[in-house]
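Trainee: Chain by chain, the residues:
Protein chains: 6
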Amino acid sequence: MFYHIKELQYEAKPDRPDPVYAKKLQEILGGQFGEITVMMQYLFQGWNCRADQKYRDMILDIGTEEMAHVEMIATMIARLLDNAPIQDQEEAVKDPLIGSILGGMNPQHVIVSGLGATPTDSVGYPWNSRYTISSGNLLADFRANLNAESQGRLQAVRLYESTTDPGVRDMLSFLIARDTMHQNQWMAAIEDLEQQQKAVVPATFPQELEKQEVSYSFMNFSEGEESKKGRWAKGKSLDGQAEFEYVSHPTAMGPPPVLNPSPPNVHDTPKRVTNQYID
Amino acid sequence: MFYHIKELQYEAKPDRPDPVYAKKLQEILGGQFGEITVMMQYLFQGWNCRADQKYRDMILDIGTEEMAHVEMIATMIARLLDNAPIQDQEEAVKDPLIGSILGGMNPQHVIVSGLGATPTDSVGYPWNSRYTISSGNLLADFRANLNAESQGRLQAVRLYESTTDPGVRDMLSFLIARDTMHQNQWMAAIEDLEQQQKAVVPATFPQELEKQEVSYSFMNFSEGEESKKGRWAKGKSLDGQAEFEYVSHPTAMGPPPVLNPSPPNVHDTPKRVTNQYID
Amino acid sequence: MFYHIKELQYEAKPDRPDPVYAKKLQEILGGQFGEITVMMQYLFQGWNCRADQKYRDMILDIGTEEMAHVEMIATMIARLLDNAPIQDQEEAVKDPLIGSILGGMNPQHVIVSGLGATPTDSVGYPWNSRYTISSGNLLADFRANLNAESQGRLQAVRLYESTTDPGVRDMLSFLIARDTMHQNQWMAAIEDLEQQQKAVVPATFPQELEKQEVSYSFMNFSEGEESKKGRWAKGKSLDGQAEFEYVSHPTAMGPPPVLNPSPPNVHDTPKRVTNQYID
Amino acid sequence: MFYHIKELQYEAKPDRPDPVYAKKLQEILGGQFGEITVMMQYLFQGWNCRADQKYRDMILDIGTEEMAHVEMIATMIARLLDNAPIQDQEEAVKDPLIGSILGGMNPQHVIVSGLGATPTDSVGYPWNSRYTISSGNLLADFRANLNAESQGRLQAVRLYESTTDPGVRDMLSFLIARDTMHQNQWMAAIEDLEQQQKAVVPATFPQELEKQEVSYSFMNFSEGEESKKGRWAKGKSLDGQAEFEYVSHPTAMGPPPVLNPSPPNVHDTPKRVTNQYID
Amino acid sequence: MFYHIKELQYEAKPDRPDPVYAKKLQEILGGQFGEITVMMQYLFQGWNCRADQKYRDMILDIGTEEMAHVEMIATMIARLLDNAPIQDQEEAVKDPLIGSILGGMNPQHVIVSGLGATPTDSVGYPWNSRYTISSGNLLADFRANLNAESQGRLQAVRLYESTTDPGVRDMLSFLIARDTMHQNQWMAAIEDLEQQQKAVVPATFPQELEKQEVSYSFMNFSEGEESKKGRWAKGKSLDGQAEFEYVSHPTAMGPPPVLNPSPPNVHDTPKRVTNQYID
Amino acid sequence: MFYHIKELQYEAKPDRPDPVYAKKLQEILGGQFGEITVMMQYLFQGWNCRADQKYRDMILDIGTEEMAHVEMIATMIARLLDNAPIQDQEEAVKDPLIGSILGGMNPQHVIVSGLGATPTDSVGYPWNSRYTISSGNLLADFRANLNAESQGRLQAVRLYESTTDPGVRDMLSFLIARDTMHQNQWMAAIEDLEQQQKAVVPATFPQELEKQEVSYSFMNFSEGEESKKGRWAKGKSLDGQAEFEYVSHPTAMGPPPVLNPSPPNVHDTPKRVTNQYID
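Residue numbers (full-length UniProt numbering), protein chains in the order written: chain A, 1 to 279; chain B, 1 to 279; chain C, 1 to 279; chain D, 1 to 279; chain E, 1 to 279; chain F, 1 to 279.
Heads up, some of the hints might be wrong.
Simulated pairs of lysine-lysine, DSBU-like, Cα-Cα distance not exceeding 30 Å [stated by the list, open to error]:
(1) B:K198 <-> B:K229
(2) F:K6 <-> A:K228
(3) E:K229 <-> F:K198
(4) B:K229 <-> D:K271
Simulated from the structure, these hints should not be mistaken for lab results.
In isolation and in its complexed conformation, chain A is listed as follows (with noise of 0.2 Å):
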């Protein structure tokens, strides 16, 4: 169960309004490495969790705090856009700021949303689930945690870099150490699992079930071997079981495949349309 408190966890004012700004902003809210990804993806991993209750509450710890990052940048974006512009373009292009701004800002913020923030990305696209994952294996779902951290990151550098309003740039720079801090904890919280278990998910597979003379054998599909100097194509594996092997000309193990005819009641083109036409 959750309690609000009104105060913001960080203050999400900016010195001016910006309302095409704002547009880019809803990126690392409802994007597909938004806070509200995180949130949701943390949450629902806390929930199902049934392994050990320190990751359940670690994991439920942090989407709980990125529920307050989702309404910061909520926050932010609804200042963003006061005083955004309604008027037709033509009026508006007396004034080339105006012009420029009617043309790049989201059209919803005004006529949806009234001036507030909406949980969708800077090009407008819905926030969906599917961007989520909650896999019951926890190394492979803080392999997602650390990615969507590294992801999110680098959108709000990239955002950062891209005002030079010092109220905004005062929140990223929130945002983005809170970020240092997740990529580090999901380092840590791997590091913990992959001491206790192989590497490789999922680690309770027995390996003798696999076809293990592919199992770490680098294939070089791609004409040319500049792959050939990577770390991947030789030494020890990553897993520590085996050395690397670099295949320079990979071949094919199956034979081409040949589907049977399908039943007249699917009304497939039959298997002979035969060649009568030509040749």
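Given the coordinates of chain A, work out where chains B, C, D, E and F should sit on it, guided by the hints.
Mentor: Relative to the frame of chain A, chains B, C, D, E and F by itself:
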């Protein structure tokens, strides 16, 4: 540019048709972490790559291999659909096996694709490109890739557990082995990049610009302190820059937000729809 | 900002697992009118609220409660999935119950989420934010909220009818009761606003600017006049501004449209691909 | 069955082309609360109606009218796109008006539809049927309809404020007037049903089966008690069944959930990946 | 503008309810090539038509008919859902027919639509407008229409094969017949346009501006030359402009691409994260 | 299985960056009829093909070529994004060109993809697999393919008209030429199949089972008879089986539908919420 050869990378032939299993197997074809996802993710990462050629080449090698996996699974699904029943439920239930098959298979495998595989997941939801990421930052993206291969192998293993068909299991044992390699590959590539730059993505953002007092603090937003027992709560941070700190009772650093009233031409509820009615 | 406590708002424990019911219950978790919808809708309405603080506070109260409902249903679904069967259909049908369960459950509950709840509906379709609205106009939005609680309670009642499990019914009886309150709450909030302004949204648009001769006319576009028997066809209009009028044979008020030809560089079909062929 | 006549219900002709406005106007054509939504929602409610014929007939009357509105707005958009610029940005910016138009219009209006309207919203997102509801319970659905007409009129008014074109404003004044009627119509239909049954949907569920001790309690989950000042917090409940109660400090009624470990063949993280590492 | 009459274009009444079949029949209502698709596609093509009135009128004739088909199928589905079972799986399986029905039907047909049709396909995926095209170029669009009617009739035939219900088959025999006409109609309209212009769309682009040396070459990118045996590999091109050429070993005409490094403020991986680690 | 070579099929290099054009060009990469669509459509048609090998091989040839087109356009887009501006709108508008570029480009090209192409269309909407069809019936699918190549060439031509960049136009001239071939190719393949079977899809359904009295009737559902002037309204039907008939006043062949009341446990509005209130 690409060339196709008719042989499969590995055999994809079930011992017997099983249309209900065909529906399930769609998950690793067209699902969130299916083969289409990794194929498209790697190809776009390769084509967009502005870094050293060894990375571009390596990424395109594996992207090209994933196309062969898409082909194998599509072939397997078409064969699992051979002889799928097409009749009413009422007749079907005279044979309980057929009855449960009719209820359990994906109706589009008959009506739409005529016994062919579809680029959708196990509930028939279409594949979409928001499953993929190509950010231009390779460390971020390699973490995405490691996650995708972890979720993918986990799903393949669960599908292995859900059938006893030797032909299906044989193909899965190949895919599972390749996922072992691909997890190792991305771990190696991550190690490679982390040794050249800092572990936090993006490494190029000056850390003094972030709000550093919260860069290494674990915040306990969920009542109870089980989360204190983890590696993430004490000791050196994983990026080697600081010590983790555990904040038992995190408090708000910002004030309660109060938004400005909106202008009349937006037709929001005015600030003061006054309280005369009650209070 | 938010805090989480470990207790559930209300117990969420089935008497026995039931993976087919788990699939159905997803509807009120991640469906169009599920708990995620109301949670996100209310939180965004609250965060975007530029009106009196009593509205903002009220909306955030209920938004925060809905998060607890999401948590309860997610927990219930995870428990309904305990011991879900994982095997082939052919073996399964030896036991008709297991056979029909395998056909009727959501395969992603095993393959993707490993026996956890997912943020999707009862056909596995992901939740998306276009299910929500936060328009800035509270009377409009409170009507959206009353609808959401009406559809939500209706669905919960139908799910209550679809099980005999006492634990499930107990949780649903709690949610149904809260929906009773929430319908009452939005009716009260609507009455509050309607007493301060006109009933038609938005009340701030000068009615003399609309084409007033059609503002209170019921138009009978469907042959037959059963529709004349309703309250909507005669008597005082509900906003108290006029009398309803019933138009038996509505006629067009505009001319047939003829569009201009498009310029050549658009490569549409030219206006006069002439009729020389026939006529 | 339907018949079409060539005349428009009302004239739909702008005084001058305006491709940026064409993009915005798409919102009330193919957006969440656009005319396609109400058309499809009403048609399906009518076709699915198992209640008295006066409801079915009334619903299909309005559904048929909405089709005429779709036609009018599509026509208007096509005309607003007459002479839309097709050239590079670099040339365009020599004339600031053309430059901002090129940046602000929807590129699909040229590339995809060749200067025609599209069934999408103002950010180009396609219309989808999850925007609609036909639940079989008319009171629930009429509340959905009242909401749709409220959001729809609000958006039309905001679009009216965003242009000075007399032709566009004339068409909008007609649509706004019809929305006045349609809000009144659904309010009348709601009153009609509420007088025959209880106000809470569904009225047919025996209220003694719900957890009645929480059926009329306002729970204050958000710190601070501004929410106490509303009609929803005291006085008779709107369904006339009880008194509202204000709960200042709502507490959990359920225990903390602990989930069972999952079986090994699901390959989740085992319950006890033990804590030996730290603690 | 449209008018509705109460009669159906053709009877839509099953001999007995069949909720599993109701789910399947949704495909031709709200699927990719269902009746909603053709209805919306034709209406928008008609409304956007800037060519001769005979085309506009013809397109709107058929678009209006398709609305009657939507109505018929929606009616049929509602009737197939009469008496759909609502109970738990465990009780249901005592009767194997009911058990398999519960597993095989769409749960939203009870929970969401209360035994009504929904604007979705046979896996419950919502209809969306990206299924349609109205390009402004009629020859292109008539090919889209011929495809839609071909896929639609194929699906109707497969559904005819999947039932023995005389009432359902009677309605399908009508729809299949109309699809026969509609395929013929679009073939006729295509022939009409092809006789007035060239067969390649768009005919208005000067062919000397295309890279003409590859305009009629079949390129054999897939190992083996079975593809040489087709009409597409030799003889006069279908547009009558040239001879087909078969290229056995197509080669690249462009160089390997090397992208420029990105600027630092984008925070991509720098060009030279050098190779010092390995090589 | 596939192999990749580093060379592009054709050069893809603009003379100068143009981030606004990059956004537009996305349409033929990841749009409804972009190269990803044809690539995926052809590959799945090939893999699912149960007919003669010459068709399978031909389809896979072209599917493999389309992958090279995806690569070319992705490369072009990345280059068009070189040096895309990253700064605030307010600073940007000091230079009107930069101002309009910032407003007109896709913000995700910076924030998400770091100056790389994305698998989305020109409004940023993600590619999804419902754009494709592989039905198992080749005549149906070849019509889909002819449509895709027609829409695709039309869009490429419109993009050609929207730029003066010689490098971009050079690449487009290649793609437009290939689309000329591909339209010819599918026309040839259609002719090939139509000569072996009847022109109506599916040819295998016994035409005596359809309601033959309406199989060749053009029905005039839209007032006015301009539609009578077309080839579709008189003369021999295109399948050669009958004569077209023009029905000026089509009438209903079915009765008005009246649905049964639903059972109480569904909680729909009861049949007789009686009319006592009015009438």
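Trainee: Regarding the pair K6 (chain F) and K228 (chain A), is the alpha-carbon distance no greater than 30 Å?
Mentor: Answer holds: K6 (chain F) to K228 (chain A) is near 16 Å, not above 30 Å.
Trainee: Checking one constraint from the list: CA of K229 (chain E) to CA of K198 (chain F), max 30 Å. Satisfied?
Mentor: holds (22 Å)
Trainee: Just to be careful, I want the Cα atoms of K198 (chain B) and K229 (chain B) compared with a cutoff of 30 Å; is the pair within it?
Mentor: The hint holds at about 26 Å.
Trainee: Does K271 (chain D) lie within 30 Å of K229 (chain B) when you go C-alpha to C-alpha?
Mentor: At roughly 16 Å apart (the allowed maximum being 30 Å), K271 (chain D) and K229 (chain B) satisfy the hint.
In summary, the structure agrees with every hint in the numbered list given earlier.
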